[in-house]
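Undergrad: As a plain string of letters, each chain reads:
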Amino acid sequence: MKRLALVALAAIVIGILASVWRSEPEPTVPAIELNRTAEGSFTEPLGKSPLFVLVIGSDVREGNPRAGRADSLHVVAIDPESGKGTIVGIPRDSYVPIPGRGSNKINASLFFGGPELVVQTVSQFTGINFHYWALVEFSRFRDLVDRLGGIEVNIPYPMSDSASGAHFGQGPRKLTGAEALAFSRARKTVPGGDFGRSENQGRLLLAALNKFRKDASSPVALAKYLTTFGALVEANVPTSDLIRLAQLGRRLDPGNIRNMVIPAGTGSAGGASIVTVGQPARDVFDRIKDDAIL
Amino acid sequence: MAATVVVTLGIAVVPLVLVARPTDKEEATKVRGIRVTTQELATVPDLPKSRRDQLAKDLEIFLDLAYTQAFVPAAATATPSPSTGVARISHLLTSASRKSLNKDPDVFDLGPNLTVSSGQLTYRGIVTTHKNNPVEAILEIELDARATLTDEDREVAGVKQTGTLVLKMAGDGWRLRAFDLELDTKALPSPSPRAAR
Chain A
1 MKRLALVALA AIVIGILASV WRSEPEPTVP AIELNRTAEG SFTEPLGKSP
51 LFVLVIGSDV REGNPRAGRA DSLHVVAIDP ESGKGTIVGI PRDSYVPIPG
101 RGSNKINASL FFGGPELVVQ TVSQFTGINF HYWALVEFSR FRDLVDRLGG
151 IEVNIPYPMS DSASGAHFGQ GPRKLTGAEA LAFSRARKTV PGGDFGRSEN
201 QGRLLLAALN KFRKDASSPV ALAKYLTTFG ALVEANVPTS DLIRLAQLGR
251 RLDPGNIRNM VIPAGTGSAG GASIVTVGQP ARDVFDRIKD DAIL
Chain B
1 MAATVVVTLG IAVVPLVLVA RPTDKEEATK VRGIRVTTQE LATVPDLPKS
51 RRDQLAKDLE IFLDLAYTQA FVPAAATATP SPSTGVARIS HLLTSASRKS
101 LNKDPDVFDL GPNLTVSSGQ LTYRGIVTTH KNNPVEAILE IELDARATLT
151 DEDREVAGVK QTGTLVLKMA GDGWRLRAFD LELDTKALPS PSPRAAR
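Sequence order for the protein chains is A and B.
So in this note's numbering, spot 177 of the first sequence is number 177, and the numbers just go up one at a time.
So in this note's numbering, spot 65 of the second sequence is number 65, and the numbers just go up one at a time.
For reference, chain A alone in the conformation it holds in the complex:
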């Protein structure tokens, strides 16, 4: 009897212990992942809408670029999200209304009121609000290219232009500052005359973008670009936008940016030859206004 009681007691104790053990929650062991890779990227956009920059080349040989005419005018339109865009050249003789100055050749707007009036004039004519403008004259353009080590350009056709000094065979070629200036100025022997010249200037802008992407991959190389640009190019880019613009530039593929010149005719006004711009040109700007893409 005594033995039976002991066995029963043992069974009860074992049963209690078993039930306690079973009701105890499973200990939680947080998962430890020793081998893993994580990636994350975020760039605060410059805005959701396309970015518009007016690039102005003054005909001043050396000195204050505002003291001359805007002989080179390009609307650079970029969609920051897709990286696509369009460069549209505006011939210097385009005859348009200049705010407060009546109608005149568009290049005169620089002399009348500096880059600010050029921006107003082009904005009025195109319907585009520009975020930034950049202005450079001959000698600073030359220095810019030289200080950055030259620029590789695909020369579209053989050039032999005594007036500008552009003598190049067709094909890719690394240009010095003086050669790049000659390439951008050649007009008389270039197919399309002033239109062809404007297209070549667009080619230079794309070549510059390509060079920037290749060269400015490290922060220190980028610093060289930003410092050189700041020293030689007059622009209204605030310091707070410099790095975001540079980051955008590094992401852009020149192959996704179309280069063109506005469709326009020729005529004369007051005895001077002019470029007549009408609805076809306005249509181009209407089309790039929303997404920068033509």
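Hints are supplied without guarantee of correctness; some may be wrong.
Below are the SDA-like pairs computed for lysine to any residue, each with C-alpha atoms no more than 25 Å apart in a straight line [to be verified]:
#, chain 1, residue 1, chain 2, residue 2
1, B, K49, A, T228
2, A, K224, B, D151
3, B, K168, A, A231
4, A, K214, A, A182
Hints in this document: simulated from the structure, not taken from any laboratory.
Once you've looked at the hints, dock chain B against the given chain A.
TA: Leaving out everything else, chain B in the frame of chain A:
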């Protein structure tokens, strides 16, 4: 018989002691936390070296704070700290980058129970300035660190983070404005008695 037992125990225990306990010298030279070093810093426009050095020092302090708080949670505060690296450094982010990191927090998180014990963060970068004052900075960083299990000394993983940080100067200091980062954690091989020696 007794001598045999003592010798056997001795042979068994000595290697265990060698594996488990670093020497006094190792203990003394071990660096805890993350050390930040400036490799190269340029300014736009170019500023005198003394000013660049000052800016580099400020950036080192910011990076030290951010990375220690993100990856060394015990060092964050005396009060209970948030559980994720991103939450612990959220006060050092701009609101836009905070939103983005909250969606994709892994680049600043080692996961549960892992803590960086020691590491080296090096960076090269640019600071844009206006009237001598910093405006933004773009930094290429490389973190090379070791991680332990929380509350343990044994280093179990190597941690590497590489990529770009963009910082913005706010009224009271730098804030992380944008990033492009990759974080790799790899298990370290378990030390063998021979390796420990």
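Undergrad: Confirm or reject each hint.
TA: Taking the hints in turn, this is what the structure says about them:
For a cut-off of 25 Å, the pair hint linking K49 (chain B) to T228 (chain A) stands: about 18 Å separates their Cα positions. This hinted pair does not check out: K224 (chain A) and D151 (chain B) have alpha carbons roughly 47 Å apart, beyond 25 Å. Restraint check for K168 (chain B) and A231 (chain A): the C-alpha separation of about 23 Å stays at or below 25 Å, so the hint holds. Among the hinted pairs, K214 (chain A) with A182 (chain A) is consistent with the structure: their alpha-carbon atoms are about 24 Å apart, no more than 25 Å.
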